[in-house]
Amino acid sequence: MTAMMMKDSAAMMPGMDASGMMRAGQPAATGMNMMMVPRCTMKFEKCEGGMKIHCACEDKVTAAMIQNLCTMLAGGMCSCCMMMNGMMVCCCNLVMGMCKCEPTADGCCITCTSGDAACCAMIQSCCDCCANMMKAGCTCCIMMNGTPVCCCC
Numbered sequence: 001m002t003a004m005m006m007k008d009s010a011a012m013m014p015g016m017d018a019s020g021m022m023r024a025g026q027p028a029a030t031g032m033n034m035m036m037v038p039r040c041t042m043k044f045e046k047c048e049g050g051m052k053i054h055c056a057c058e059d060k061v062t063a064a065m066i067q068n069l070c071t072m073l074a075g076g077m078c079s080c081c082m083m084m085n086g087m088m089v090c091c092c093n094l095v096m097g098m099c100k101c102e103p104t105a106d107g108c109c110i111t112c113t114s115g116d117a118a119c120c121a122m123i124q125s126c127c128d129c130c131a132n133m134m135k136a137g138c139t140c141c142i143m144m145n146g147t148p149v150c151c152c153c
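The numbering used here puts the first residue of the sequence shown at 1, with every later residue one more than the last.
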């Protein structure tokens, strides 16, 4: 398995479609904003007050890249984007809880929790949704502050 995956870090360039072709009537983009996104294996699990996302990598360089990205982007919004055939199927924005990222030996663990019972239920529903979509064959991209941190196929 390749350890990296190319992603447009701005999600989509203005005036361009997903294939990189110009849309009619749109101004030309000045340049591409691409970055390498680490690939990992992900495990979603419920915990008391919310959920945990375990991102594990096969090699130490990729694990260090995920850890550095999480450290740089800590404190912002965490999102789980589920994709199939390059199209977004579902995006869980975990704005209803506090998300923190902790380094592990082979990657990181993102914990999103809330003290509010209703928010906890929403977070755990997102956990179930993401886990089931991964089982059904979706790809997951974890983003912090809108920047891809890691992907799982």
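To be clear, the hints were calculated from the coordinates, so they are not data collected in a lab.
Heads up, a few of these hints could be off.
What the hints assert, rightly or not - With a straight-line cut-off of 27 Å between C-alpha atoms, the simulated DSSO-like cross-links for lysine-lysine are: (1) 46 - 135; (2) 100 - 60; (3) 43 - 60; (4) 100 - 135; (5) 52 - 100; (6) 46 - 100.
What the hints assert, rightly or not - Simulated restraints, written as ranges between beta carbons of each label pair: (7) 137 - 93: 31 to 41 Å; (8) 59 - 118: 22 to 32 Å; (9) 52 - 153: 17 to 27 Å.
The beta carbon of each residue, even a glycine, is placed where N, CA and C say it ideally should be.
(request) For the pair supplied as a hint, residue 100 and residue 60, confirm whether the alpha-carbon distance does not exceed 27 Å. (result) OK: residue 100 and residue 60 at ~21 Å, within 27 Å.
(request) Measure nothing beyond the straight line between the CA atoms of residue 46 and residue 135; if it is 27 Å or shorter, mark the hint as holding. (result) Cα-Cα ~16 Å, so holds.
(message) Can you tell me whether the CB distance of residue 137 to residue 93 sits inside 31 to 41 Å?
(response) 22 Å, violated
(request) Below or equal to 27 Å on CA atoms is what counts here, so check residue 52 against residue 100. (result) Measuring from Cα to Cα gives roughly 10 Å; hence the hint holds.
(request) Given the range 22 to 32 Å, decide if the beta-carbon distance of residue 59 to residue 118 lies inside it. (result) Violated: the Cβ-Cβ distance is about 41 Å, outside 22 to 32 Å.
(message) Does the beta carbon distance between residue 52 and residue 153 stay inside 17 to 27 Å, or does it fall outside?
(response) 20 Å, holds
(message) Holds or violated: residue 46 and residue 100, Cα atoms, limit 27 Å.
(response) 15 Å, holds
(message) Just to be careful, I want the Cα atoms of residue 43 and residue 60 compared with a cutoff of 27 Å; is the pair within it?
(response) Within the cut-off at roughly 19 Å; holds.
(message) Tell me if the straight-line CA distance from residue 100 to residue 135 falls inside 27 Å.
(response) With a Cα-Cα distance of about 25 Å, the restraint between residue 100 and residue 135 holds, given a limit of 27 Å.
The structure is inconsistent with the numbered hints 7 and 8, although it conforms to all the rest.
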